[in-house]
Amino acid sequence: MESPSHTHGLGRLGGIFNWVLSYRRDSDIFTPYGRLEPHPGPAPPLPVKSGMAAWVVSNFQERQQRVRLYRQLAPHLQVDVFGRANRRPLCAACLLPTVARYRFYLAFENSLHQDYITEKFWRNALAAGTVPVVLGPPRATYEAFVPPGAFVHVDDFRSARELAAFLRGMNESRYGSFLAWRDRLQVRLLSDWRERFCAICARYPHLPRDQVYEDLEGWFQA
Numbered sequence: 001m002e003s004p005s006h007t008h009g010l011g012r013l014g015g016i017f018n019w020v021l022s023y024r025r026d027s028d029i030f031t032p033y034g035r036l037e038p039h040p041g042p043a044p045p046l047p048v049k050s051g052m053a054a055w056v057v058s059n060f061q062e063r064q065q066r067v068r069l070y071r072q073l074a075p076h077l078q079v080d081v082f083g084r085a086n087r088r089p090l091c092a093a094c095l096l097p098t099v100a101r102y103r104f105y106l107a108f109e110n111s112l113h114q115d116y117i118t119e120k121f122w123r124n125a126l127a128a129g130t131v132p133v134v135l136g137p138p139r140a141t142y143e144a145f146v147p148p149g150a151f152v153h154v155d156d157f158r159s160a161r162e163l164a165a166f167l168r169g170m171n172e173s174r175y176g177s178f179l180a181w182r183d184r185l186q187v188r189l190l191s192d193w194r195e196r197f198c199a200i201c202a203r204y205p206h207l208p209r210d211q212v213y214e215d216l217e218g219w220f221q222a
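Numbering (full-length UniProt numbering), first residue to last: 1 to 222.
Hints are computed from structural coordinates only; laboratory data are not their basis. Treat the hints loosely; a few may be bogus.
[Stated by the list, open to error] Just the calculated beta-carbon pair ranges, DEER-fashion:
1) 12 - 93: 36 to 42 Å
2) 149 - 12: 42 to 48 Å
3) 191 - 147: 18 to 24 Å
Computed from a prediction, not measured in an experiment: that's the story for all the values here. C-beta: ideal position from N, C-alpha, C; glycine also.
Between the sequences and the hints, there should be enough to build the whole structure, so can you do that?
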């Protein structure tokens, strides 16, 4: 599920669809990239943290807000960059164990849109057992999905230098508080499209019967 910035051709689809399935909470069928659920047992132990911050990125373009922020942050914070963009690709089995060794993960979305919180946050950071530093929707949007103390939002800081100082200066007690949710909750990734299709069946009895999206592109771009 891509953001409006990377979804094209919707203008030709007006007046066709009755329902929308997407990551947006105002969709007819809401299917986020992930969610937190009660933990059935003790939380798995956290790996030893040997690095400060990691970022996995393949599409690296200077015009992107996330790249501009990284450029501002890098002089003040050690960030190890992985992915095709940096010629340090990680295999699927290597991704989470690698990220787990870092205290923080830069969960920077490739574009900023309503409710657009992707696997960068759910899988690469939370599921790996590190603290996400997020660039995306407003803080209130993240807090609709996870406890307010489970992430660091870049909007809470006046500058990249101030953000870096906060991350570098965080003591172990404060750092542990960002991971306290793991004692009672676990990440469930919703990456299988079969599960999303099942959500249609669950929502079907409650879906409007006479609704048509005359301007699907306008709705998605809003």
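Status of the hints after comparison with the structure:
1. Evaluation of the 36 to 42 Å hint for residue 12 and residue 93 yields a pass: the beta carbon distance comes to about 40 Å.
2. Checked against the hint of 42 to 48 Å, the pair residue 149 and residue 12 passes, with Cβ atoms roughly 44 Å apart.
3. A hinted range of 18 to 24 Å holds for the C-beta pair residue 191 and residue 147, which are about 22 Å apart.
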